[in-house]
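Colleague: Residues per chain, in single letters:
There are 2 protein chains.
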Amino acid sequence: MPDVMGALGRLVLGRPTREFAPRAKPRPLRIRYALPLLAPDALSSVAYAPDEILLTLAAAGLVGVSLSPWVGLAIAAVMAVVIASYRQTIREYPDGGGDYAVAKENLGLAAGGLVGGAAMVDSLLTVAVSVSCGAQYLAAVIPPIEDHTKAVAIGLVAVIMLASLRGLKALDNTVILAVYAFIAALGLTALAGGVEFLTGSLGAAPAEGLELVPSSGFTTGLTALGGAFLALRAFSSGAVALAGVQTISTGVQAFRDPKARNATRSLAFLGLACAGLLIGTLLLADQVGAVFVADPSSQLRYADGRPVPADFHQDPIWAQIAETVFAAAPPVYVIVIALVGLLLILAASSAFRWVPALMSMLAQDEFLPKQFFRRSDRRVAAHGTVTLGIGSAALIWLMGASVTRLIQLYIVGVFLSFTISQLGMLRHWNVQLPLAKTALERRRMVFSRAVNAVGLALTTVALAIVVVTKFTHGAWISLGLVGLAFWMMVSIRRHYRRVDSELKLPRGSRADLGLPSRVHGIVLVSAMNRATARALAYARATRPASLEALTVAVDSARVWELRRAWDRANVPVTLRVLDSPRREITRPLIDHITALRRRSPRDMVVLYIPEKVVRHWWERWLHNRSAARLTSRLRHLPGVVVATVPWQLDQPGDTGGPEPTSGGAK
Amino acid sequence: MPDVMGALGRLVLGRPTREFAPRAKPRPLRIRYALPLLAPDALSSVAYAPDEILLTLAAAGLVGVSLSPWVGLAIAAVMAVVIASYRQTIREYPDGGGDYAVAKENLGLAAGGLVGGAAMVDSLLTVAVSVSCGAQYLAAVIPPIEDHTKAVAIGLVAVIMLASLRGLKALDNTVILAVYAFIAALGLTALAGGVEFLTGSLGAAPAEGLELVPSSGFTTGLTALGGAFLALRAFSSGAVALAGVQTISTGVQAFRDPKARNATRSLAFLGLACAGLLIGTLLLADQVGAVFVADPSSQLRYADGRPVPADFHQDPIWAQIAETVFAAAPPVYVIVIALVGLLLILAASSAFRWVPALMSMLAQDEFLPKQFFRRSDRRVAAHGTVTLGIGSAALIWLMGASVTRLIQLYIVGVFLSFTISQLGMLRHWNVQLPLAKTALERRRMVFSRAVNAVGLALTTVALAIVVVTKFTHGAWISLGLVGLAFWMMVSIRRHYRRVDSELKLPRGSRADLGLPSRVHGIVLVSAMNRATARALAYARATRPASLEALTVAVDSARVWELRRAWDRANVPVTLRVLDSPRREITRPLIDHITALRRRSPRDMVVLYIPEKVVRHWWERWLHNRSAARLTSRLRHLPGVVVATVPWQLDQPGDTGGPEPTSGGAK
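For the record, the sequence lines run as chains A and B. Residues 1 to 666 in my numbering are what the first sequence lists, from first letter to last. Residues 1 to 666 in my numbering are what the second sequence lists, from first letter to last.
With the rest of the complex left out, here is chain A (with noise of 0.2 Å):
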């Protein structure tokens, strides 16, 4: 059958002649243009954090929400520590690589693989929630399309994929250009935002009007319990505001010398800039009364009592915010949420873009097919595209483009990593130090070590807090993922070592021996033309020991035309015909070279099979079927060689090599 997927491929990617192969290393960046380009999976992480956590909280009404700058402090502090964990790891692993290359470095090669699975899910997810996201800020500036922001979102996916397919080197710029844009917009945001309180002219949000309703548990206010619990839980939602601050490490290589001190001073400033707009954040919405909740129906009503209609529709945070900030100026505003909502696609973006690293990564490790390694190969590189596409379409889908229920799924990746990695860097200075030369090293290594132990405590328990909080709410869904992902990769790489372990020469084998002792040659034929000339006279100039030329008789007339030609042609290559009762091709064939090996079991059998090369793909329905059946079958017999002789039809100008005929003429 032919590559109907190639053709399809070639509809979308072009011509497979054309290879996209930016080279194996790019030409490194200052740091004002290499940050921006890895910032945006982690900046934008911090425009949904601030929304997960007002929402977990307004659970327990106005008194909960009243938390939520404590929440942020206490991820902005989670924050520092792992920041200043990856800031050794940027040192240590200078390469880049990340996560994968600690654990794996550090963990063995099945913790390599949970990362690797990991990051893989996280990628999905990635997507999934900042186009989500993207959706509705969309949707607070366009309202038409606020019943839709499923169809959007995955419209946006779509569009990224295909601009994907095409290579995002050219949106280079434009990522710079938007994350600084980004910060400028949310920095003038919260700027203006604070010197409206100072005055005294900050006004009120929109939902500022509405009550918030306790949920069941909370009606009789918060007690010490509940209040930790739903603290934990809003904590847990918050921490996805440290997903993407791992990017700066696995990208060292984007830097320019010294790669590694560019880089901690990138990922420092990016710490900084994220807890900051996060408690930026917290406080404002505290200030202007925003409020966010899982279901405006029951958990909203106005300050007469009255709920608050079936479909009402609430604004993401920052976009209440800067409703409130700029209300005197709305052309701001919409600048300010098109800055947002552009950022977040180009997160999503962002993962389009490091999928490919990835997977050439693992490709290196076995973990994935070998031709992922090449992610400079476009063809190869567009099944990891499509893959990472329609599998966060899907669930875009399946979670209905909910911000909410996605990030419980996201989390669970991105602390899995996180500790996975902490604990390998444990492990690393564990094995260096008694390496240390001198005390000072050795004193370095040990508050090292600290950073890390203290770092993995805080993954670990902020890992087993979304575990736990999170389990039902579709924590298992990711981590059936990861573990699916693993399996997938650990067979992949099974099934490798396997093949080597099977195809690896005894150890002293000289390569010389076992040389078949005779070359018995096969010319296939169906017609005379010129192309069974050509593969007669390749077969011949190989002077094998002997050499036939075979056709099947599946119509007795053609055989009788063929056999007419064949002697007129005077070729000095005996033609031989086999029968064919049932018009079959592939047995025939396949039984008498059975037959041929097991006469003569030490000598190898060439056949030759002349091939039409055509120039469209839908021409190949029509051209060597049966040649393309018969090879597959010959793969299975031991000490046959199908070699295919080429004949190039209707080519522009003349079809080259040695020609069997003695003229020029074509």
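Hints listed in this document are in silico derivations from the structure and should not be mistaken for laboratory results. For each residue, glycine too, the CB sits at the ideal point set by N, CA and C. You can trust all of the hints, since none of them are fake.
Residues from chain A that keep clear of chain B, each with C-beta distances beyond 12 Å, as calculated: (1) 30; (2) 92; (3) 305; (4) 338; (5) 470.
With a Cα cut of at most 16 Å, we get these calculated EDC-like pairs of lysine to aspartate or glutamate: (6) B/370 - B/500; (7) B/370 - A/584; (8) A/259 - A/92; (9) A/259 - A/95; (10) B/259 - B/92; (11) A/370 - B/584; (12) B/370 - A/619; (13) B/370 - A/555.
Position chain B relative to chain A; hints supplied.
Modeller: Below, chain B alone, put in the same frame as chain A:
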């Protein structure tokens, strides 16, 4: 990309190694077996023709319906002529081939192509019409499916298609039994009806109490012109009863010797049966007052003037007749209807049976891809079967499983073939006449020519009527489909012709000219293992003028390892490493080989590629991807032969073949 479709195919069809291969020439059968096997098509069309006649005439109310026996007689007359002329076709073309052979041999290949295209479209419509009608009969005995005939019909197509993929040979005995049971059941019904009529005990159909409302054009009765036009339309709809009589002329080879004589006899018998059934049905329908209209809610009302409800359901005519005749014995009614339904479904399956034969015939004349010629090849035949299944299901879906609408499409193709075939026979006699040796022979030929001339006149008129009266009712769709099929077939043939003429050996050229001067062997290496060693051994066994091993440096660590292993194994072939700054594999190789070819254009290059042959289809994703890619690119380089040296992985037992290692240990 691995062959996903192939894997799917294996799921449905089983492993490709099994081939279901009926002998090219099946064992000839006695009339009593051969006739029923060829009859379902013709008989089934008689099952729905009366409905269409009555439906058309009902537009003029009861006056119109009373014309039905006359229309039936006219159709029977045409049928007599058509059958007489097909008897001649059988005698003149006893090898079978039917309309296609007649058209091709007398009117040229283009006419053959047109008949072939019409036959392909007819096969789709045979299935669509038969199955839709079968679903109606099913609904007559199982009322709950009344409103789901579309889904039922498409489901039936799917079942028949899957059964065909597994092979229909096993159904032969069922078909034979079903045909005889069908004839017996309908004969019994007619007999019982006749007896009841004569004894005055014949009841009234359930529809007897209903009044026919003439359509707007016929409220004032039947004018001469209006009546004539209506009768013509009824004739052209009822002419569908002729569909299928040509089947016997295609299947002459199924009969025992004397084939032609047995076939003509069978055809005469079949014609009598069809004509008898048609007229009998119309007479009985008239007597019991069976009514069948296009739109019950506007065309039917109760005796008291109330219109029938909107969801009024009408059974097909045969169901109404059987219900009336066997009013006293409902089980007999159910059996009769079940047999009619079964025959309709077997008629659909018979299309699945003869389409591979048709495609094989068309492929022999290069109207279809050559591989279809070998219809015994199950996987090739499967393409035709699946196309037929999907195409007919699409037609059923588009036409809402409406037999009436589908028939409009069907008749065009049927009469197009009839007309071209008659024209071909006329031409045949004109050519033969001068060659007549005796006066008797001459007279016979003149008579035969007259039969065909009358046949041509009648079928041309019928075709014209069909096209004119039904153009907007759907005839344009069939004409379009036939045109499309014709265009496709002609394009394929043109492509093959062009390739043939391009490949044609110049006259007088001797095949031993143009031998390449030297052979340059290249072994593609990615690692030093047994597969590579075998490829090296095989390449050396062919003793090329020069031999080198090539590897592409994608991963420097691997190259270093390869070099070491190479030295250790003492390979007597130089290993050349090609640089690849962009980690590509294909391009450096193509460049290298192109350079080689440019240096010595009279040489031939044989590239040996070690190929790992895996056992499971999914494992193909894991191996040989670069090689497959390279092979498909290299085919475009002239003077390069690609020889794949397979290594069978993971085989039970030994891998056989001349081993590159001396020890037998695996």
